[in-house]
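From just these sequences and the hints, can you work out the full model?
Going by my numbering, 147 is the number at position 147 of the sequence shown; the sequence numbering is gapless.
Accuracy of the hints is not assured; some may be wrong.
Claimed, not checked - Once the Cα atoms are required to be at most 30 Å apart in a straight line, the calculated DSSO-like pairs of lysine-lysine come out as: (1) Lys128 with Lys29; (2) Lys154 with Lys128; (3) Lys59 with Lys31; (4) Lys154 with Lys53; (5) Lys127 with Lys27.
Rather than coming from a laboratory, the hints here were simulated on the basis of the structure. Bear in mind that the values here come from a model prediction, so they are computed numbers and not experimental data.
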Amino acid sequence: MRFCAAYAIACSPSSASGAETLTEWLKDKPKETKMLIVWILSEWGMSHLLLRKLDTLVKVRDENSMLYIVQGLGRLGTHPSEEAASALANIMTTHHSDQVRMFASMSLDLLASTQPQSLEKLLIYFKKGLNNYNRYVQAYCLGALSKIETLEAKSLAISYLMASRWCPITTTSNTF
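In structure tokens form, the structure reads like this:
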């Protein structure tokens with residue numbers, strides 16, 4: 001029932017007051033409701049409101065909730081946030097779930113498309129991501145690095161690519 005209500009809200013035109021109310025609900029609602037709120041805000045293009053509750057959101061341990069959170073943070077668009085980028089980088093390198101780490105790296109790649117300057121200080125995390133055993137994490141890190149137009153980012157990507165060209169399981173039919 002909650003999902004149907006949330007879907008109806010997400011499909012309706014957004015309003016600033018409705019988004020503000022949803023943001024306030026993030027602090028004391030059950031995890032299922034929080035997941036839906038994050039989804040609604042990102043569908044409305046209001047992921048930037050999640051930044052107000054960032055310290056609470058990144059402490060969520062539930063894998064499904066965290067998937068929604070990292071995807072929502074990746075949809076910040078033109079709202080630059082070094083705090084969100086740093087939180088995603090930390091999740092990408094430390095979270096226990098492979099899928100959450102993959103989605104965090106994908107969100108960092110999305111952020112790099114619109115706000116590469118917020119990722120320039122996170123190269124140490126990308127280096128860890130490139131060494132992650134999950135090849136999707138590696139690929140999204142490379143994607144983000146290709147959008148960060150600094151010499152350090154390019155050097156990191158090139159050094160990884162030089163080593164990876166010798167990987168015995170990488171072929172034209174199996175790039176991941």
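Checked hints:
no.: 1; hint: Lys128 with Lys29; in the structure: violated, 34 Å
no.: 2; hint: Lys154 with Lys128; in the structure: holds, 15 Å
no.: 3; hint: Lys59 with Lys31; in the structure: holds, 12 Å
no.: 4; hint: Lys154 with Lys53; in the structure: violated, 33 Å
no.: 5; hint: Lys127 with Lys27; in the structure: violated, 34 Å
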